[in-house]
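**Q** Fit chains D, W and P to the known structure of chain U by using the hints.
Protein chains: 4
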Amino acid sequence: MKTNRLEAFSDGVLAIIITIMVLEMKVPHTVDLAGLKPVLPVFLSYVLSFIYLGIYWNNHHHLFQATEQASGGILWANLHLLFWLSLFPFTTGWMGENGFASTPTAVYGFVLLMAAIAYLILERAIIAKEGRESLVAQAVGQDRKGRLSGALNFVAIPLAFVSPWIACGLYVLVALLWLIPDPRIERKLEKREQ
Amino acid sequence: MKTNRLEAFSDGVLAIIITIMVLEMKVPHTVDLAGLKPVLPVFLSYVLSFIYLGIYWNNHHHLFQATEQASGGILWANLHLLFWLSLFPFTTGWMGENGFASTPTAVYGFVLLMAAIAYLILERAIIAKEGRESLVAQAVGQDRKGRLSGALNFVAIPLAFVSPWIACGLYVLVALLWLIPDPRIERKLEKREQ
Amino acid sequence: MKTNRLEAFSDGVLAIIITIMVLEMKVPHTVDLAGLKPVLPVFLSYVLSFIYLGIYWNNHHHLFQATEQASGGILWANLHLLFWLSLFPFTTGWMGENGFASTPTAVYGFVLLMAAIAYLILERAIIAKEGRESLVAQAVGQDRKGRLSGALNFVAIPLAFVSPWIACGLYVLVALLWLIPDPRIERKLEKREQ
Amino acid sequence: MKTNRLEAFSDGVLAIIITIMVLEMKVPHTVDLAGLKPVLPVFLSYVLSFIYLGIYWNNHHHLFQATEQASGGILWANLHLLFWLSLFPFTTGWMGENGFASTPTAVYGFVLLMAAIAYLILERAIIAKEGRESLVAQAVGQDRKGRLSGALNFVAIPLAFVSPWIACGLYVLVALLWLIPDPRIERKLEKREQ
Chain U
11 MKTNRLEAFS
21 DGVLAIIITI
31 MVLEMKVPHT
41 VDLAGLKPVL
51 PVFLSYVLSF
61 IYLGIYWNNH
71 HHLFQATEQA
81 SGGILWANLH
91 LLFWLSLFPF
101 TTGWMGENGF
111 ASTPTAVYGF
121 VLLMAAIAYL
131 ILERAIIAKE
141 GRESLVAQAV
151 GQDRKGRLSG
161 ALNFVAIPLA
171 FVSPWIACGL
181 YVLVALLWLI
191 PDPRIERKLE
201 KREQ
Chain D
11 MKTNRLEAFS
21 DGVLAIIITI
31 MVLEMKVPHT
41 VDLAGLKPVL
51 PVFLSYVLSF
61 IYLGIYWNNH
71 HHLFQATEQA
81 SGGILWANLH
91 LLFWLSLFPF
101 TTGWMGENGF
111 ASTPTAVYGF
121 VLLMAAIAYL
131 ILERAIIAKE
141 GRESLVAQAV
151 GQDRKGRLSG
161 ALNFVAIPLA
171 FVSPWIACGL
181 YVLVALLWLI
191 PDPRIERKLE
201 KREQ
Chain W
11 MKTNRLEAFS
21 DGVLAIIITI
31 MVLEMKVPHT
41 VDLAGLKPVL
51 PVFLSYVLSF
61 IYLGIYWNNH
71 HHLFQATEQA
81 SGGILWANLH
91 LLFWLSLFPF
101 TTGWMGENGF
111 ASTPTAVYGF
121 VLLMAAIAYL
131 ILERAIIAKE
141 GRESLVAQAV
151 GQDRKGRLSG
161 ALNFVAIPLA
171 FVSPWIACGL
181 YVLVALLWLI
191 PDPRIERKLE
201 KREQ
Chain P
11 MKTNRLEAFS
21 DGVLAIIITI
31 MVLEMKVPHT
41 VDLAGLKPVL
51 PVFLSYVLSF
61 IYLGIYWNNH
71 HHLFQATEQA
81 SGGILWANLH
91 LLFWLSLFPF
101 TTGWMGENGF
111 ASTPTAVYGF
121 VLLMAAIAYL
131 ILERAIIAKE
141 GRESLVAQAV
151 GQDRKGRLSG
161 ALNFVAIPLA
171 FVSPWIACGL
181 YVLVALLWLI
191 PDPRIERKLE
201 KREQ
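Protein chains in written order, with the working numbering: chain U, 11 to 204; chain D, 11 to 204; chain W, 11 to 204; chain P, 11 to 204.
Only chain U is shown next, with the shape it has when bound in the complex (with noise of 0.2 Å):
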């Protein structure tokens, strides 16, 4: 089994989650731009939620370059990653459209949490098909970046009764981990082209 048909599927899913959560920002029936003040942390928790997404994607993308074949146990494990990532929309609209309050912030921590741990699950099923020695296990190696985010996104939960705010903190953090360009993947990366 290639994994092309996976990848067309995963990016299909994930184009269709990230561009139905703007569904849930309501047009405002007001004119001025007051009428966009009730929009705005519906807005905030879209944008968090659309760079998750991204990141999402980019390892997802990257995880598959280096993937050579796909077992029934990979789809599988793919297809738990994108349920939790299918619950992004309602996440985000319950946390959004309240304002971060504690529980709905917790709640969307928790699904990112699920999320994390399925893509862990994931990558374990592709090197389990893959072996040790393979390409995808020394990119991948312990995935420590990968576990921290978890672990974060863990300790964000019980904190977001204390203050959503520094829940959110956390969630935020967590993308910027991502975000800033990792030299020694992308060193890696470039080694493998040649």
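Treat the hints with caution; some may be incorrect.
Which copy is meant is left open, so a pair is good if it fits within one copy or across any two.
[Said to hold, decoys possible] Within a straight-line C-alpha distance of at most 27 Å, the following computed DSSO-like cross-link-like pairs (lysine-lysine) qualify: (1) Lys-139 to Lys-36; (2) Lys-47 to Lys-139; (3) Lys-139 to Lys-12; (4) Lys-47 to Lys-36.
Bear in mind the hints are in silico, worked out from the structure with no lab data behind them. Here the structure is a predicted model, which means the values were calculated and not measured.
**A** Just chains D, W and P now, kept in the frame of chain U:
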């Protein structure tokens, strides 16, 4: 006619169906965990439908990997399958929003049944084109698992009026039949690659 | 310019249009079969539009299989076709929700007509690029079936004000014209492969 | 990193944005042509946005045809562009539903401007990767047309408060700039193929 565009189109439709279903989960207007309570049955029906669509995507993927060429009949048999799958968001929403009442649960099963029949028709259309000695004909065979699934779905429809939970139990059973990997198929696929 | 990305984009748009239409079928709030009664006309108009979009996808698929290169004009002619097709969910919903009243049924036919014209324009744009001796020019020819479909749609619009059922009968007739396989085209396609 | 998956993902997002906008056109509850009257401004804003997204898709298509490899920076510059384009359904709906009032029309222009800037950033990111002597650098050049479009959008924002129709006139003008084929680009593309 090659099958790649048929696969891409089917991937697109399946990706959208799977993602649009989540829109039936309306964002709650309260901010505590109790606000998630009315969403729970919708969520459970979403999980069930997500798994079914994942199974269809997996099987579709396998089926067309063994198919070399498409005919007009195959294109329409495929669209017929996509039609029934496209009704999943509607029946999932109806069943979930009404807490698994008898009639919506039976109608959910009816659409499952029609999709199962459409899949069997698609298999026959492909075998008719590729020939009885073809790879795909050998891989699919009598598709006893597919027929059994259809039969269980058929039985579940009247049983939904006895108790919706019996029907749902059967839907879950059919899903489990496909989720648990089938060693014979994997073996056949591995042989093929050699 | 190759045509593969144009095809992928069109597949995406068509896949979304076909799936978004189902959102017009609102989940009923009652749990008996009578709850499905108001959904029935919406369902029937959905079936009709699904078949039309299936026909367009099939024809589009065949057309671009015979097309080698895209020009700027072809890209825009294709977008023009997608524009009219993108109005299907709106006209389908309007016609279905009002139980096939005259005006919505006529407007539905108008969009069908514009899509048929857009398709003929797309064919001309492709033949202009590929040349009159090209494979695609021979396969398409005068596209008498396409012109006949457009003419029947044109006639149906005023007839919708006499009786919407005459108009709907004509829409169904046009669909049947395309659903019933045309042996001459299949033969031509088979010859081409040799 | 090859660009094909980036293109497929962008196609998916663009296809969904273009189709989701049509959901802002709410099905009227009356059955005469007068029922379409309140839909008209929404329809006109939909047509405008459809054309803009068509232009972006066309330009994106041309740009990546000349691009050989993607870097992390290009992936994020592309996601940044998709982010602003994903706001089109929101601003289109707001502008259309309020009959082209000043503020929504200005906000519409702001998102157009940000998308234009994001596109210029994407071009720079690609040229930075491919080199100043590359095909893509020569084809894009200074992208004076892109800069002019951005400038016109920038001017239109304050003018929306003088008269929304001046702003809309400028939006239409920018669209026409791109719709009318540019012989120099076509020539350059043809030369490249030789």
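**Q** Could you tell me which of the hints above the structure violates, numbers in ascending order?
**A** 1 and 2
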